[in-house]
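In order, the protein sequences belong to chains A and B.
Residues in the first sequence are numbered from 11 upward in steps of one, following our numbering.
Residues in the second sequence are numbered from 283 upward in steps of one, following our numbering.
To be clear, the hints were calculated from the coordinates, so they are not data collected in a lab.
It is possible that part of the hints are untrue.
[Stated by the list, open to error] Under the rule of at most 25 Å between Cα atoms (straight-line distance), these lysine-lysine pairs were calculated in the PhoX-like manner:
1. A:Lys269 <-> A:Lys429
2. A:Lys269 <-> A:Lys486
3. B:Lys586 <-> A:Lys429
4. A:Lys259 <-> A:Lys82
5. A:Lys82 <-> B:Lys689
6. A:Lys255 <-> A:Lys486
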Amino acid sequence: MELELRGITKRFGSLVANDGISLSVAPGQVHALLGENGAGKTTLMNVLYGLTQPDEGEILIDGKQARFHSPKDAIAAGIGMVHQHFMLVPVFTVAENVTLGIEQADRVGLLDRRRTRREVADLSRRYGLDVDPDALVEDLPVGIQQRVEIVKALVRQANVLILDEPTAVLTPAETEELFRIVRQLRDGGTSVIFISHKLREVQAIADTITVLRRGAVVGERAPDATAEDLASLMVGRNVQLRVSKTPAKPGGTVLDVDKLTVTGDDGRVWVNGMSFQVRAGEILGIAGVQGNGQTELCEALMGLRPAAAGIVTLDGRDLTHATPRARLRAGVAYVPEDRTEDGLVGPFSVTENLILDMYDQPPFASGINLQLPAIAKNAEERIAEFDVRTPSAALPAGSLSGGNQQKVILARELGREHKVLIASQPTRGLDVGSIEFVHRRIVEQRDHGLAVLIVSSELDEIYALADRIAVMYEGKITGFRDPDVPAAELGRLMAGGADTASAEGTARAPGTAPGEDDAPVADASPITGIGTPGTGPAAQEDA
Amino acid sequence: MSTAPPSPPTAAEEGSPESRRRTFGQVFKESFLEGNTVTVTVLALLSALVLGGLLAAFTNPAVLHAPGGSIIPKAWDVASATYVALFEGSVFNPHTVAALFHQASISTAIHDGYLSAVFAPLSETAVGATPLILTGLAVALPYQAGLFNIGGQSQFIGGAIMAAWLGYDLSLPFFVHVVVCVIGGFVGGAAIGWIVGELKARTGAHEVIVTIMLNYVMAYFLAYLLSSQSLLQAPGSPNPITRPIASNAHLPLIAGSNLRINVGFLIAIACAFGAWWLLNRTTTGFEFRSVGANPSAARVAGMKVERSWVLVFLIAGGLAGLAGSAVIQGTDFTLNPQSFGTYGIDAITVALLGRGKPGGVVAAGLLFGALHAGSPGMQNAANTPVQIVQVLQALIVLFVIAPPLVKAMFRLRATRAAGVGTGTSRGLSA
């Protein structure tokens, strides 16, 4: 099936989300839509899937004009979509989810469960999806849930499959699996529209890459285009994709975690006797596959989850059993892993979010009275300093793009007196420009002599930032390494391999930093990187 | 995994310069077409009034038995007479003004109560609105903190018991007695509210269940107290009723002895202002709103979520208790097993209509107070049953809590930020 979009324009009020976009998807191809957050990728796909109506332009299927008033029409035309957030009923089985909405009745009028189960099993076998039709969706890992969504689309005879940021929720291994499945689908004749802002993934999977910027197509490239080329198309300027930071000059220990043990709500041990120190003026990066206790570690460090055993001290002060507020006051700046859930109050204005953990401190409050002028002034300064792109400080923070939301959190946390910065997955889901900005700020913190702890499942990020790397596996640190360690070695540690290299638990700080960006994986990891100061997402764009 | 609606990128993603420079007219027109909450509320009111008018007309025997050709004019007559009577009974009656001007002199006019008669409808509206505003705030305040208070009734009873008991049992000078009883009312309600908050904070018990159950507990506790003369029942009375409270404990009238409007109304308005100030100008209110909008972010920001729950229910209970004291000390002067009326449930309606905002609660409370004040006259003048007022209230709420319905009816565009608005539906589904 040949799919073509012609001159699609979609406006929301004064915002032009899609500006005359034309695109054609050949059968049996993986067509990547690449663009920063807010470039209009998802809006375009919502138009294609019948979720919104375009103001102008037309959709052609095999040369014939099609009008989609609802997803129903789009599905009937052979278009399937896997949303970023899955639309599954957790307490239903895979087969029940797949059949939902297209239930088949047998002759007696009862649900034909057997047929659906057979269909799911067939598809699962044909594309190597490995999905059990009888499994409850809530028991399945995210990667498998995504495959259930794919099966849902395939059962509905989708010839064009839209994957909206499919890897955002996946572990690296799951991503590899997904790519294998996508290739198999393509070889079977299905067209796949792959929406992403991750250069490397797009390069790995796409047959054609269309780059969107600010609602318009800015270029089409073959997958062998260089990362620099794609990145500069995406952001509209040349991005320095290389790490540039001076060697760390670590001082004394600031954050000392000693044999910390943390259990989950279910009694499972998530963090098992972890010990590490973060020193002033250095970045300790905790690498590891997501789900190995990183979340629980951060929660315990912030007092959101009790420590079952062990001691946490900050500048020699015992914080093991301190409340979150006491830790914030003691000088912990915290960038949580899930920014919309833990970092921001979505309906609150940007202004309010910028004082979320300081609202009762002078100058923002005297007694119980909020000092609105001081709060407004703070917002004005922070927004300018951190280049938060928002038409107004009074707008709800939840309406900002991911990158700008993260800037609001950073602006708040770094604007406070603090001694240590704990940042968990600080750039997850962000676009290139925002990643660069966030990384630059984090390195700045280090250069100002603060202790920084980064927890990230993105190796690129760890390499870009860390002065010292700790690898976490099943609640334990499997090894400390210098940042010039080969990725394969980290991979081994992340998979639970024994620490053979150094007998010492705590590695020394790199006396000599890796010279000029010759960290082994730096060139294989063009997505994250720290630009030289001055190339930030500065005022050029829409100041 | 819920059925997330397509979320179009909002204007914030890329701030175009023209979005900042718009004339007032454009903004007004757009906000109207976009169907913001004020527009929707006003249109919901209108729709309810129209539908209520039709109902009043076509349930009227005179209309039903009218000959074919005259049904429409007759229906119009009945509907308009209904609303005219409603208006005259709750806001302003021209006849009373005419009567006033027929008096010989100002002093006789005042002395004979003609001037009071002009303001009597408004006075009745205010008296009716007073407990509605106070209990409405008792729902709205927890709502802002993400909690649903169905227990206005139990907290009202707690306050009423305290106000009545202190009112007849103590013998204090005039002003002091009023203040003591009002404070007693607040404390009585706050105690019941505190139980709810504490249970929620300590055990995680759902506040909706707890408040509903406490409504029964308090209603029967009240009946029990009034069943024995060794408790609260008036000595020598065969009926379950307390002694009247001392006249020193009556809330002072504020517009002469002919009008029932009293200080209770001023207390209600002051409380609404206080609630607004608390929510928007204090650190405590900031905590309430944070906890309500995103408890996990509030926790990460160092707020004590459980403490906010307890505190907000304590204050809410106190407000409902004040409503009890306003009724006992302002209009009823005795306590009986039915004193709590339907205030607890009406409060939810008022808070919904007021969109959970103190100012909105005052407006909604006044509206419902007016409907109550006007309904007897409506029955007399247009032969429309008083129950139609309840139907009208129900219709208003129905339209208000279903913004998509109103938007569809008036062909308004869907709200731009679908996730941010529609506060009421969030509250209901929570």
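Hint-by-hint comparison with the structure:
{"no.": "1", "hint": "A:Lys269 <-> A:Lys429", "in the structure": "holds, 22 Å"}
{"no.": "2", "hint": "A:Lys269 <-> A:Lys486", "in the structure": "holds, 10 Å"}
{"no.": "3", "hint": "B:Lys586 <-> A:Lys429", "in the structure": "holds, 23 Å"}
{"no.": "4", "hint": "A:Lys259 <-> A:Lys82", "in the structure": "violated, 60 Å"}
{"no.": "5", "hint": "A:Lys82 <-> B:Lys689", "in the structure": "holds, 23 Å"}
{"no.": "6", "hint": "A:Lys255 <-> A:Lys486", "in the structure": "violated, 29 Å"}
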